[in-house]
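Those letters in the sequence shown? Residues 28 to 307, by our numbering.
Worth flagging that the hints you see were computed from the coordinates, not collected in a lab. Worth double-checking, as some hints may not be accurate.
[Said to hold, decoys possible] Okay, derived cross-link-like pairs now, EDC-like style, lysine to aspartate or glutamate, Cα gap no bigger than 20 Å in a straight line: (1) K120 with D261; (2) K164 with E264; (3) K66 with D40; (4) K56 with D35; (5) K56 with E68; (6) K66 with D215; (7) K164 with E130; (8) K56 with E75; (9) K116 with E130.
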Amino acid sequence: MSALLELDRVNKDYRIGGFLDSSILHAVKNVSFTLSAEKPEIFTIVGESGSGKTTTARMILGNETPTSGTLRFMGQDIAGIRSRADRLKFMAKAQPIFQNPFEAFNPLTTLDYYLYSTARRFLGIKDRGGVEAATDKALNHVGLSLAEVRGRYSHELSGGQLQRIAVARALIPGPRLIVADEPVSMVDASLRMSIVNLFRELRDTLGVSIIYITHDLSTAYYISDRVIIMHRGDVVEAGDAQSVLGNPQHEYSRALSGAVLPPDPEEARQIIERRMAGAV
């Protein structure tokens, strides 16, 4: 079975501190997993802030270079992509969706501008009719239309609508992989499941694999085919989502289960540590 994405003993280290008192932060430690090219899936990376999950995502997208180990996408070493043309081809097939939809779009720029620009950049479409058709098709996949979006600004729409537009923008190039980093954490709670269900629809109808990054075990349990749980850069549990999340074995996984974590990473870390120590 051929691989869509393969991580082989990937590590990422950062040097922190000053010249005389620097130290090494091991942000990601020896992470390995493979996504099949034949069977699209939702692969979830779970962990609190500082666990290494976002650093792993950035390496998958080519925005960070691993200290050691290899990341391959469709057989190509991601870190070895150098030319602008090769980078563009890679980006067309591996698209990101970020945490905050309100920060993804300039409030002074109409939303359709971003969609049109994506169609021109990745699909090479020049005529306006073709650009609009490609944009409308992508919006239809997320339950919207160009008529609803044309000429509108981000402040005119809800967070859930904006995140759907962000998903549509990612779909325009026809990606094989979407990397979604905490895509529902900034969306109103009443709308989160609609975004989560959308990812399942994209997997099933378009054959897109999704790496879903979250600290929320409830949505991870609901959406995921497979899961890894990361803690301080290490993968502490991995496997079928229902088995891993339904019966967590590692103390960190058990502490994370049921925890309501605040946005502040330090507060979240303290909550988890207290739960691991049995104090809460």
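Cross-check of the supplied hints:
Under the criterion of a C-alpha separation no larger than 20 Å, the hint pairing K120 with D261 is inconsistent with the structure, at around 28 Å. For the suggested pair K164 and E264, the alpha carbons sit about 39 Å apart, so the restraint of at most 20 Å is broken. Distance hint between K66 and D40 is unfulfilled; the C-alpha atoms sit about 32 Å from each other, more than 20 Å. Taking the CA atoms of K56 and D35, the gap is about 11 Å. The hint holds against a cut of 20 Å.
At roughly 24 Å between alpha-carbon atoms, K56 and E68 are farther apart than 20 Å, so this suggested pair is violated. For the hint pairing K66 with D215, the CA-to-CA distance comes to about 31 Å; that exceeds 20 Å, so the pair is violated. Under the criterion of a C-alpha separation no larger than 20 Å, the hint pairing K164 with E130 is inconsistent with the structure, at around 24 Å. Under the criterion of a C-alpha separation no larger than 20 Å, the hint pairing K56 with E75 is consistent with the structure, at around 16 Å.
A hinted pair counts as satisfied when its Cα atoms are at most 20 Å apart, and K116 with E130 does not qualify at roughly 25 Å.
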